[in-house]
Amino acid sequence: MITTYKGIPVLSKLMMMTLLLSATAHAQDSEKLQEEKELELVNFTHIKKVLQQDGLSQEAKQKVKQVKILKKEQKVMEGSRFFYPPESELWGFVSEYWLVKNAQILGWDFNKPDYGLETSFKSMMEKLGFYQKKFKILLLNTPTVVRTSLPGSDHEIILLLSVPFIRSLDLTKLEISLLLLEDFLRMEAGYFKKQVSTDKMKKLAGANFETTKIDPSMVQELLANYDKQVNITGYTFQQQFEITKKMDAFLKSSPELWNTYFKMLSKIDRFIKSNAQYKDYVKLYPSPEMQVKWLSPDEKVL
Amino acid sequence: MLWMMAFFSIFSVLAETTSTDEKIVGVFYMKPIFGHVHQSSVRTSASLTTIQCAHPVKVIETSKVQAGPEWAYVQVADYKGFVLKEYLSEKRPDCFQGQYPKFFDSLNLDLAELYYWGRLYDHYVQGDTRVK
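Keeping their order, the protein sequence lines are chains A and B.
Residue numbering for the first sequence follows my numbering, beginning at 1 and increasing consecutively.
Residue numbering for the second sequence follows my numbering, beginning at 1 and increasing consecutively.
Hints in this document: simulated from the structure, not taken from any laboratory.
It is possible that part of the hints are untrue.
[To be verified] Here are the simulated DSSO-like cross-link-like pairs (lysine-lysine), alpha carbons at most 30 Å apart as the crow flies:
1) A:K122 - A:K267
2) A:K193 - B:K102
3) A:K134 - B:K132
4) A:K246 - B:K132
5) B:K102 - A:K122
6) A:K283 - A:K228
7) B:K23 - A:K75
8) A:K194 - B:K102
9) A:K213 - B:K102
10) B:K80 - A:K72
11) B:K91 - A:K133
12) A:K252 - B:K91
13) A:K101 - A:K246
14) B:K31 - A:K202
15) A:K101 - B:K64
16) A:K194 - A:K252
17) B:K132 - A:K101
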């Protein structure tokens with residue numbers, strides 16, 4: 001059945017009205033310039049309200065904000081790649097780099113028996129009340145570098161000791177531990193860092209070099225200073241006196257340890273005087289003979 | 001013919017055992033700045049490959065290899081060898097070369113230096129004192 005209104009079918013009437021409206025619109029459209037039509041397409045002002053109601057412009061603003069933040073973070077991240085390590089991390093890194101660079105001279109890459117040094121040194125340190133101390137011991141297969149201590153990362157200390165030296169002297173585990181303790185105290189006293197550090201290092205450590213050029217001479221200078229300190233400079237009489245007195249004070253509470261230390265120094269003194277291979281030892285660690293004197297009780301004049 | 005069939009059946013059984021016996025325990029990460037995958041569970045044994053800090057390492061368990069209490073039997077790329085357990089971490093560590101990449105790159109370490117740096121950690125006798 002077809003629905004009618006005033007005798008005309010409703011469907012036909014609707015179609016006629018649509019045609020009439022579209023014709024009117026077309027007539028209005030054709031009156032506009034092509035440029036005007038293009039401008040309407042470009043100019044969004046007439047749809048701005050619709051966009052605002054939809055919250056799209058707000059979202060666009062947020063997106064711009066987010067991009068800004070992300071770009072800023074990206075820049076910060078990129079910039080963080082250009083930092084020199086801070087002093088606390090630089091020392092350990094340079095020490096290991098020096099050990100790597102001098103691997104052949106120091107001869108630490110060799111087969112050796114387990115001397116049980118970790119246990120003996122640790123227990124002696126704990127007996128003397130040195131707690132929360134981290135150490136690394138590296139044994140060397142050379143008589144050239146007898147002993148030294150290097151700064152490690154995160155308050156760690158790297159202790160180097162020559163196996164030919166301890167074998168020639170036939171040192172016991174306890175005696176070796178006492179030698180290591182001396183070097184440990186030297187490092188704690190800060191002599192090494194003071195003598196090796198440079199102004200450049202102090203200036204650059206922890207600094208950013210994103211806008212400047214990296215200065216490779218900082219590490220090279222430090223490595224050269226390590227060489228000098230370990231092989232030529234060593235420690236002064238004053239520094240040796242201070243360390244010997246510290247050892248004296250720490251070991252006094254344990255006569256067994258004190259006696260072993262005293263005898264060991266005498267043993268080293270006799271050995272280096274009779275062995276030309278170790279003639280430089282006295283220049284670097286002056287001197288076992290003096291250390292024995294400093295430790296000996298004062299002679300009373302009657 | 002029968003002999004050949006017997007041979008192949010034994011071979012296939014062996015192959016199956018090899019493949020099923022190995023179990024991946026987990027993926028761990030190298031802690032030191034450089035380290036080695038060793039041929040045997042001895043600190044001074046030959047190095048199969050050098051890996052750097054934060055390199056992922058598959059730890060394997062198998063009845064065929066006894067690694068010893070200090071060592072982990074691992075797979076890195078095509079190499080299967082041993083790494084000291086104390087140098088493996090469950091979480092990706094903050095490595096020096098990751099924190100200061102431009103500084104680290106500027107050193108231009110050569111292959112010998114990478115090798116020795118890994119070796120260094122094999123030779124360290126490490127310890128720390130504690131309150132009893």
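Now the hints, each set against the structure:
At roughly 24 Å between alpha-carbon atoms, K122 of chain A and K267 of chain A fall within 30 Å of each other, so this suggested pair holds. With a C-alpha separation of about 25 Å, the suggested pairing of K193 of chain A with K102 of chain B holds against the 30 Å cut-off. Among the hinted pairs, K134 of chain A with K132 of chain B is consistent with the structure: their alpha-carbon atoms are about 15 Å apart, no more than 30 Å. Restraint check for K246 of chain A and K132 of chain B: the C-alpha separation of about 24 Å stays at or below 30 Å, so the hint holds.
Simply put, K102 of chain B and K122 of chain A have alpha-carbon atoms about 38 Å apart, too far for the 30 Å limit, and the pair is violated. Proposed proximity of K283 of chain A and K228 of chain A is supported: the alpha carbons are some 13 Å apart, at most 30 Å. Of the pairs offered as hints, the one joining K23 of chain B and K75 of chain A is violated, with about 44 Å between alpha carbons and a cut-off of 30 Å exceeded. Note on K194 of chain A and K102 of chain B: the hinted pairing holds, with a Cα-Cα distance of about 27 Å set against a maximum of 30 Å.
Distance check on the hinted pair: K213 of chain A and K102 of chain B sit about 11 Å apart at the alpha-carbon level, within 30 Å; holds. Taking the CA atoms of K80 of chain B and K72 of chain A, the gap is about 44 Å. The hint is violated against a cut of 30 Å. A distance of roughly 25 Å separates the Cα atoms of K91 of chain B and K133 of chain A; the hinted pair therefore holds under the 30 Å criterion. Between K252 of chain A and K91 of chain B, the direct Cα distance comes to roughly 46 Å. Violation of the 30 Å bound is thereby established for this hinted pair.
Restraint check for K101 of chain A and K246 of chain A: not satisfied, since their Cα atoms lie roughly 33 Å apart, outside the 30 Å limit. Of the supplied pair hints, the one linking K31 of chain B and K202 of chain A holds, its CA atoms being roughly 28 Å apart against a limit of 30 Å. This hinted pair does not check out: K101 of chain A and K64 of chain B have alpha carbons roughly 39 Å apart, beyond 30 Å. A C-alpha spacing of about 29 Å is found between K194 of chain A and K252 of chain A, which places the hinted pair at or below 30 Å, so the restraint holds.
A threshold of 30 Å between alpha carbons decides the hint, and for K132 of chain B with K101 of chain A the separation of about 39 Å lies outside it, so the pair is violated.
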